[in-house]
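**Q** Assemble chain B onto chain A, guided by the hints.
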Amino acid sequence: MRAPVRLGAAENTLIAQLNEAGARDEAERLGLSGLPTRRVEAYHYTDLKLLLRAVPPLAAGAGEALTPPVDIPGAFRLSIVNGRPHIAGEVPKGVIVGIAEGAALTERDDVLVRLNSALARETLTLTIEGDVGPVIHIDRQTTGVAAHAPSSVRLFLADGARATILETYATSDAAHVANHGGFVQLGRGATLTHVTVDRSARPSAHLATTEYEIGGEAKLRTLTVHAGAGLERAQIFARMGGEGAHADFTGLNLTDGGQHADITLEVRHAKGHCSCKPLYKQIARGRSKAVFQGKIVVERDAQKTDAKLMMQGLMLSDEAEILSKPELEIFADDVVCGHGSTCGRLDEDWLFYLTSRGIPQREAETMLVRGFIAELLDPIEDEGLNAALQGVVDGWLAGK
Amino acid sequence: MTTPMLEIRDLHARIEDREILKGVNLIVPKGEVHAVMGRNGSGKSTLSYVLAGKEDYEVTAGEVLLDGVNLLDLEPDERAAAGLFLAFQYPIEIPGVATMTFLKAAMNAQRKARGEPELTTPDFMRAVKEAGTALRIDSDMLKRALNVGFSGGEKKRAEILQMALLKPKMCILDETDSGLDIDALKLVAEGVNALRAPDRSMLVITHYQRLLNHIVPDVVHVFSDGRIVESGTKELALELEAKGYAEFDEAAA
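Those sequence lines, one after another, are chains A and B.
The first sequence: position 5 = 1441 (our numbering), numbered continuously.
The second sequence: position 32 = 198 (our numbering), numbered continuously.
Isolated chain B (complex conformation):
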């Protein structure tokens, strides 16, 4: 059996005194797209932050392996260089930092961490232009400060642009559909689907089934009260949509 892309074993995490993740177990094999569905407050976003290494959360037990590498020992930048990418639910606006400067710094930092030579400016420009065209990101948007003044849809497209440029092994998409109208959603989903590859896995976090019509998952997991309570095929998402989450709460209890 090959090494899974992501393996989470009995992960517990808390913020201050409140335990939010209560024993998460999850395996995402290479090349697969898994969805995590759960109601607001179930701990889905916490899972994404803990995986990316946000300081506010304390991991109290468990293990996370990214392609066999122990993720929890690494700083956020090292996790990124190891191939992890989190598409934020609310991408951060950073005034004063130009989008292009940021993109180049991120790409080169990861290359440097992996012992690869820095990108030349023409190569960088070409890569951005190529990836940007598919996502309908024009040069005007790239000239602005990072995410500043971007619409909700632009922010999400910019996240996918970063994903396309950084070529991660493991993508976590946190509520990527939130705040998007149907056209914007389609555009983002197309961008994500274009990145599906045998050596790349994805974890799509959402509380609506709607996104999964566009990014069709291989496996659906139901998240409730800090752990995964049920796993199944994409039909499970439809079942959830019809019945609601209440039934699964009992399973968690």
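Pulled out of the complex, with its shape left as it was, chain A reads as follows:
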């Protein structure tokens, strides 16, 4: 028999919120297990019990909207404020937008998923058919006084559809706990570029789970950028569910003094002849912590899988911490799978070369950091989106 878990203020609030929402089973379950600690493998580097000391009341309604953190010229923008989707403006051809009741994530043994599923009341739904030109920008915000705000999005790309979707997350300057969910389904031969950027205020906690169900011959590129909240955790669960699919999962943790950012990825190869190339980079300065956990599971039937997982860390201060955990779990016998992880400082010889040409030290460092990130931003084809992402990186470099 395990000793009962001692519950803290955050857990008691969550249990009350679950009970009030009628999710008694979930409330009971959380009461028994508590929030995950470092003893739970998936949360080993992000001890939620320790990091999430308090949870504010559930968001009552939409507060005053914030200016979106990035503005892409010509983009079609939708917003979700405190969990409530808003649809405005002219919907581009090939896009069907709607609002559904309840949450979009599937059942999964994860506390953030369970909380989102139990507490999100509405889901913004998008169906994409054909080739949609303009960037679709989903602007998720948590506003007003400190609130616990679950939000939910469901994206469906029909067979052969093509789209670029940007999701941004922002909060007002308060101790919000935003717990976002997203379910993304790619039909056969669909092509999606999916960029998510956290620009939440420092006092907030940004938690986001995205699930991908990837059909045969589909092509997916993701880019997860953390450059905002004091506590950030992005969970990505992807399933290569049809033969011949390819996915480039990429991401970037940018952390500064006092921040803790975590990207946790699990790619499940269920069908054969699929390839995936996860590439995650972390840049930490000040006393901050950046975490990447990446796992590739190759199921027995997923023969001819080609998977390469790579993580690269760049330390810009002595007090920063970069943690990386690559994992491969392979049950098929005819596959090519690999993983790598590197971590270091800016190369002194590179800096000397640049400064010896007259480039001042600070500018040389900035050039090298931008160079380190280029591999992630270069494949983002939409010019406006690419420039906006470069702007986020430059802002971070300038200490904003």
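Hints were generated in silico from the structure; no laboratory data involved.
Treat each hint with caution, since some may be false.
As a list, the in silico DMTMM-like pairs of lysine to aspartate or glutamate whose alpha-carbon atoms are at most 25 Å apart [what the hints assert, rightly or not]: (1) B/Lys333 / A/Glu1799; (2) B/Lys270 / A/Asp1814; (3) B/Lys220 / A/Glu1801; (4) B/Lys309 / A/Glu1799; (5) B/Lys321 / A/Asp1785; (6) B/Lys309 / A/Asp1785; (7) B/Lys309 / A/Asp1818.
For clarity, every value in this text was computed on a predicted model and none was experimentally measured.
**A** Frame of chain A, contents of chain B only:
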């Protein structure tokens, strides 16, 4: 007497506990090309790094004046803006930094440091194209990341391209001939010779005489055990080639 372009007085430098430069004295007048010859490990490359300001080396004594300016007080970027240029023996590959971005940043940083206005993009493009044509550097090469995937010859040509664009007063060429076949060597030497000018001096560091057939020096210095042990005309290089360095080691001892 006019101020020399480069004046090195009793320069001592060490890396960790090992003294490598043991009292270098050298004067390069304006417009002259001097060669420094010496065997591997004699400290020639250290001299070039110390002049450019590489952090790993500690200067323990001596003075270096670039056109009258005390070089050792300056950071590497300030030395470059003051007119010093080091063509690296092994140019550094920097993935993710586009060659053109780098060239523009370097040119504008130096202009800014000297209080000159930044180059416009068309002016910059024109300058690169002009200098690149002579060195047979095409636009494909310039589109790549800095030195990444360049052949040995391409890297050395890219160094000379930078030299041509930055228009330094004092060029130090560190083993510019290493890793080059004869055609590549000729191309690089032509590029260097085209930059010879009354207001520009050069220090050509090499351990083979071969380069000096193409870049003909005004003065040849023999470097051994951390200092200059003999100086003479270009014939000294031929003498070295015939006799080897051993004779000069005795002079150093």
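**Q** Does glutamate 1799 of chain A sit within 25 Å of lysine 333 of chain B, going by the straight-line distance between their CA atoms?
**A** Given pair lysine 333 of chain B, glutamate 1799 of chain A holds - Cα atoms ~21 Å apart, limit 25 Å.
**Q** Need the status of pair lysine 309 of chain B, glutamate 1799 of chain A: alpha-carbon distance at most 25 Å?
**A** Given pair lysine 309 of chain B, glutamate 1799 of chain A holds - Cα atoms ~21 Å apart, limit 25 Å.
**Q** For the pair supplied as a hint, lysine 220 of chain B and glutamate 1801 of chain A, confirm whether the alpha-carbon distance does not exceed 25 Å.
**A** Roughly 16 Å separates the two Cα atoms, so the pair holds.
**Q** Given the hint that lysine 309 of chain B pairs with aspartate 1785 of chain A, does the C-alpha gap stay at or below 25 Å?
**A** holds (22 Å)
**Q** Check whether the Cα positions of lysine 270 of chain B and aspartate 1814 of chain A lie no farther apart than 25 Å.
**A** holds (20 Å)
**Q** Starting from lysine 309 of chain B, check that the Cα of aspartate 1818 of chain A is at most 25 Å away, please.
**A** Holds, at about 20 Å.
**Q** Straight-line Cα separation of lysine 321 of chain B and aspartate 1785 of chain A no greater than 25 Å?
**A** OK: lysine 321 of chain B and aspartate 1785 of chain A at ~16 Å, within 25 Å.
The structure agrees with every numbered hint stated previously.
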